[in-house]
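Same order as they appear, the protein sequences are chains D and Z.
According to our numbering, the residues represented by the first sequence are 100 to 237, in order.
According to our numbering, the residues represented by the second sequence are 2 to 164, in order.
Treat each hint with caution, since some may be false.
EDC-like mimics (lysine to aspartate or glutamate), calculated; alpha carbons at most 20 Å apart, straight line [what the hints assert, rightly or not]:
#1 D/Lys179 <-> Z/Glu95
#2 D/Lys145 <-> Z/Glu83
#3 D/Lys224 <-> Z/Glu83
#4 D/Lys113 <-> D/Glu217
#5 D/Lys120 <-> Z/Asp26
#6 Z/Lys36 <-> D/Glu175
#7 D/Lys145 <-> Z/Glu158
#8 Z/Lys122 <-> Z/Glu83
It is worth saying that the hints were derived from the structure and are not from the lab.
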Amino acid sequence: MKASEISVGQTFEKVVVEDLKRTQLVMYSGTSGDYNPLHTDDLYCKEAAGYPGVFAHGMLTMGMTGTLVTDLFGAENVRKYGVRFTNQVWPGDTLTATATVQEIRDEDGRAVAEIGIETTNQDGKTVVLGSATGLLEA
Amino acid sequence: MSDEKTVTFPVEGTHVMMFARSIGDYNPAYHDPGKGEGNPVGAQVAPPTFPQAVAQFDPDYPLRIKDGEAWFGSGGSPSGIEGKPATSGGLHAEQHFEYTRPIRPGDVLTVRYSQGETWEKESRRAGKLTFTERLVDYYDQDGNHVCRARGVGVRTERPVDQE
């Protein structure tokens, strides 16, 4: 993203997952190493843990939301990325991430943008709330 | 704050490619055969949340089946262990990363864990909440700082009510 192409208040939106599949939870377990049965084991969730079924790893939601951050800045330009997990994400959910440019400033001679991040599900419920900072291209 | 342990985390192109797929990111920065130095799958950089995959290399990581230890997931019964599993009430509340530079395949990271603050809060949806902060610092093969991760975990008194 170029400094000349963005302005404070501008928003970017991306559907980061449509109809989240249980298979994707399995994929994320396998790559991240977080094999908590809460994310892959429906029987365990329902009968041992007291949940209606499996739900997404917070870090999967953060990772999917992060694809908007890297689409904007490029992975090599991200300097900060942080979120709070505000609601669980379930199979079947469709998540939309929105980035809002909050500040553009100069840091050691490089233009840097700070963006606010919010990801909501198909019911408009916020599942992730956070921010990111990235270097901008000249 | 006290240092807990140190883990070696070799960053490999194939792992980066699979991690990117698992978060639904098909950007060629993570898989572009012919590109990327020293890895045939052509992963050039790791996604920002990839540092969390250090769990694969942490010998004590609790959320992985280990040789000779009981596992709490379902098999013949809904839970493979008697009583309440130690990790069943733990959820992830916050995660923050700060990067000094991007992580790339070929990096061999030294990862140092330390404990942060602990605090409590009452919640309408899940009873008493106990928050625990953990700091994880990643250093590269030259000893330079690459990334700091700050995670906040929350242990709930009961499963979170679904509204």
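Results for each hint:
1. For a cut-off of 20 Å, the pair hint linking D/Lys179 to Z/Glu95 stands: about 14 Å separates their Cα positions.
2. Distance check on the hinted pair: D/Lys145 and Z/Glu83 sit about 16 Å apart at the alpha-carbon level, within 20 Å; holds.
3. A hinted pair counts as satisfied when its Cα atoms are at most 20 Å apart, and D/Lys224 with Z/Glu83 does not qualify at roughly 36 Å.
4. Our distance criterion of 20 Å between C-alpha atoms is met by D/Lys113 and D/Glu217, whose separation comes to about 11 Å.
5. For the suggested pair D/Lys120 and Z/Asp26, the alpha carbons sit about 15 Å apart, so the restraint of at most 20 Å is met.
6. The straight-line distance between the Cα atoms of Z/Lys36 and D/Glu175 is roughly 15 Å, inside the 20 Å bound, and the hint therefore holds.
7. A threshold of 20 Å between alpha carbons decides the hint, and for D/Lys145 with Z/Glu158 the separation of about 17 Å falls inside it, so the pair holds.
8. Taken as a hint, the Z/Lys122 and Z/Glu83 pair is broken in the structure, with Cα atoms around 29 Å apart against an allowance of 20 Å.
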